[in-house]
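As they're listed, the protein sequences go chains L and C.
Residue numbers for the first sequence, in this note's numbering: 1 to 116.
Residue numbers for the second sequence, in this note's numbering: 1 to 152.
These aren't lab readings, by the way, just hints derived from the structure by calculation.
Accuracy of the hints is not assured; some may be wrong.
[Claimed, not checked] Straight-line distance between alpha carbons at most 30 Å, and here's what the computed BS3-like set of lysine-lysine pairs gives:
| # | chain 1 | residue 1 | chain 2 | residue 2 |
| --- | --- | --- | --- | --- |
| 1 | C | Lys65 | C | Lys144 |
| 2 | L | Lys99 | L | Lys24 |
| 3 | L | Lys48 | C | Lys92 |
| 4 | L | Lys29 | C | Lys78 |
| 5 | L | Lys53 | C | Lys144 |
[Stated by the list, open to error] Listed next, the stretches of chain C that the computed footprint assigns to chain L, with coverage defined by at least 3 CB atoms under 8 Å from CB atoms of chain L:
| # | segment |
| --- | --- |
| 6 | 75-83 |
| 7 | 103-115 |
Where is the CB? At the ideal position from N, CA and C, for every residue including glycine.
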Amino acid sequence: MGKSEYITKRYMMRTCEVIEMSPKNPEQKIIKRVIALEGDIVKTIGYKNKYVKVPHGHMWVEGDHHGHSFDSNAFGPVSLGLLHARATHILWPPRRWQKLQPMLPPERTPLHSDQE
Amino acid sequence: MLRDVMGKTFRLLGYTIQYGCIAHCAFEYLGGIVVCSGPSMEPTIQNSDIVFSENLSRHFYCIQKGDIVIAKSPNDPKSNICKRVIGLEGDKVCISSPSDFRKSHSYVPKGHVWLEGDNLRNSTDSRCYGPVPYGLIRGRICFKIHSLLRGI
Numbered sequence: 001m002g003k004s005e006y007i008t009k010r011y012m013m014r015t016c017e018v019i020e021m022s023p024k025n026p027e028q029k030i031i032k033r034v035i036a037l038e039g040d041i042v043k044t045i046g047y048k049n050k051y052v053k054v055p056h057g058h059m060w061v062e063g064d065h066h067g068h069s070f071d072s073n074a075f076g077p078v079s080l081g082l083l084h085a086r087a088t089h090i091l092w093p094p095r096r097w098q099k100l101q102p103m104l105p106p107e108r109t110p111l112h113s114d115q116e
Numbered sequence: 001m002l003r004d005v006m007g008k009t010f011r012l013l014g015y016t017i018q019y020g021c022i023a024h025c026a027f028e029y030l031g032g033i034v035v036c037s038g039p040s041m042e043p044t045i046q047n048s049d050i051v052f053s054e055n056l057s058r059h060f061y062c063i064q065k066g067d068i069v070i071a072k073s074p075n076d077p078k079s080n081i082c083k084r085v086i087g088l089e090g091d092k093v094c095i096s097s098p099s100d101f102r103k104s105h106s107y108v109p110k111g112h113v114w115l116e117g118d119n120l121r122n123s124t125d126s127r128c129y130g131p132v133p134y135g136l137i138r139g140r141i142c143f144k145i146h147s148l149l150r151g152i
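Start from the sequences and build out the full structure, keeping to the hints where you can.
Next comes the structure, spelled out in structure tokens:
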């Protein structure tokens, strides 16, 4: 029961935008997209290692605007305990009302996923 | 008769929800009682000791070097760890295990703390999984309740 519940949560979490406490500054919350979960191997953009296997209990987050984003490519994998919430909708300004779709950019798919 | 019973049930439910919310806020923002398990903090905290932890220090960012804190485990978000803060951000700490022949040092990165158990020989702490983000800290341990009752 425990393992299958965790696997379902993993499937829901992947590709969502999450709000988390910044690992560099605990007073600040940052909002990024989950690209990879534990066990996946990610090809990084500008990180110290070219390929990173996400360790147990961590996730890899990236902003949608690559190159202008302070994300895992700067500070590495993020512990799941820092996860605060999942962003579902944009409420303000009113002209930007929309539901945030869980969507993985095709060029950012993890190379090898433990899920499959 | 039935309306009486229904009324009493709803009132009871109302009180339960109210006290539940107050208890949740107290545990989340003020503090609570924690049962510690494991040998990594001996002799300060033994296995199955009952301690009181307060969460105000974490919210006001006044966790200091030498405090014993409860934090979420970096490798498993569902479990908690209880360790002592050895270094804050910017401090120089020794990162080698006791079995290493040569000692190596490094600086604790911004937004992180270095945690170590008091029982250095039998403790998985920052020497294994590296500096812990400050955001994972849940509370600071103030005093042991079990020892107070034992009169030690």
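Starting from lysine 48(L), check that the Cα of lysine 92(C) is at most 30 Å away, please.
Given pair lysine 48(L), lysine 92(C) holds - Cα atoms ~22 Å apart, limit 30 Å.
Chain L over the segment 75-83 of chain C, status - at least 3 residues with CB closer than 8 Å
holds (count 3)
How does the segment 103-115 of chain C fare against chain L when you require at least three residues with a CB closer than 8 Å, holds or violated?
Since 4 is at least three, the answer is holds.
Restraint status (C-alpha distance of lysine 29(L) to lysine 78(C) at most 30 Å)
holds (21 Å)
Keeping to a limit of 30 Å between CA atoms, is the pair of lysine 65(C) and lysine 144(C) held or broken?
Holds - the C-alpha atoms of lysine 144(C) and lysine 65(C) are around 19 Å apart, at most 30 Å.
Given the proposed pairing of lysine 99(L) with lysine 24(L), does the C-alpha separation stay at or below 30 Å?
holds (29 Å)
Sort out whether lysine 144(C) lies within 30 Å of lysine 53(L), counting only the CA atoms.
violated (40 Å)
Of the numbered hints given earlier, the model fails hint 5 alone.
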